[in-house]
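Asker: Please model the complete structure; the sequences and the hints are all you need to start from.
2 protein chains.
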Amino acid sequence: MNKTHPKHDIYVAIADPTRRKIIRLLADADELPLHELTAQFQIGRTAVSKHLAILKETDLVINRKLGRETRYRLNAAPLQEVKDWLSFYEKFWNERATLLKKILEE
Amino acid sequence: MNKTHPKHDIYVAIADPTRRKIIRLLADADELPLHELTAQFQIGRTAVSKHLAILKETDLVINRKLGRETRYRLNAAPLQEVKDWLSFYEKFWNERATLLKKILEE
DNA sequence: AGTTTATATTTAGTGATTGTTATATGTCTA
DNA sequence: TAGACATATAACAATCACTAAATATAAACT
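Which chain is which? The protein sequence lines are C and S, in order. Just so you know, we're using our numbering here: the first sequence kicks off at 1 and counts up by one. Just so you know, we're using our numbering here: the second sequence kicks off at 1 and counts up by one.
Hints should not be assumed to be uniformly reliable.
The list treats identical chains as interchangeable, and a pair is accepted whether it falls inside one copy or across any two copies.
Mimicking DSSO-like on lysine-lysine, the simulated pairs with C-alpha atoms at most 27 Å apart in a straight line are [as the list claims (entries may be wrong)]:
(1) Lys-21 / Lys-65
(2) Lys-56 / Lys-91
(3) Lys-21 / Lys-7
(4) Lys-83 / Lys-65
(5) Lys-91 / Lys-21
(6) Lys-65 / Lys-7
Treat the hints as calculated values from the structure; they're not laboratory data.
Answerer: Following this line, the structure appears as structure tokens:
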């Protein structure tokens, strides 16, 4: 069976605060095994593992097996898609700021 | 009763494709009533109305009543939070690009 | 006034998400 | 090899998200 149908997209992946925290932890630590990640949360290993699986689906994390542990690493590249999506709307909040500035200048 | 406890945050708000499409439609059209928005989707008015309620919770849309219709308008400002969150990770995908360039240069 | 139009609210059902415990598989170490 | 350790997977339960249908409210039109 092929990995045809990614069930989650990036937007869903980053919607969960636990997953955003995982992303941050991996950004700070370069590479971490599941048990060390789990230590940063109240939830169990299994739950963290599932969040990692969702992040893996979107290629936001990569993992490699090292003996008995699996080390997880951040791959920030997919976040560019979100950035691109956002960049379209920047002009709107800039417009707002421009308008506000204009009003205040009078 | 006060609006104390926003059930959804901005990340959840933009995680749904229907809501992202609503955001885009409002960006393009400036101001739209529910029925005109609904016409752009397969789903019913109720569903669109609820998506708008979620977007309103995060202040991504503002609405005003005009006679019997409610006009919805985009407020892009809350998207800045996502942009700020992303900006921290930009260096990671830039690092990657830098690394790739370095490899290719050899 | 009565009908149509626009929207909101309530109710309800299905399916997805998040988490748990239990079980299985594989790896290191004593 | 026996154990302890690291993780994955399966089975299950609770909660939440998404949508539809029915009902309610209020404005506009004839």
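Asker: So, for every hint listed, does it hold in this structure?
Answerer: Structure-based check of each hint:
no. : hint            : in the structure
1   : Lys-21 / Lys-65 : within (22 Å within a copy, 40 Å between copies)
2   : Lys-56 / Lys-91 : between (32 Å within a copy, 20 Å between copies)
3   : Lys-21 / Lys-7  : both (21 Å within a copy, 19 Å between copies)
4   : Lys-83 / Lys-65 : neither (31 Å within a copy, 33 Å between copies)
5   : Lys-91 / Lys-21 : between (29 Å within a copy, 17 Å between copies)
6   : Lys-65 / Lys-7  : within (24 Å within a copy, 38 Å between copies)
Consistency with the previously given hints fails for number 4 only.
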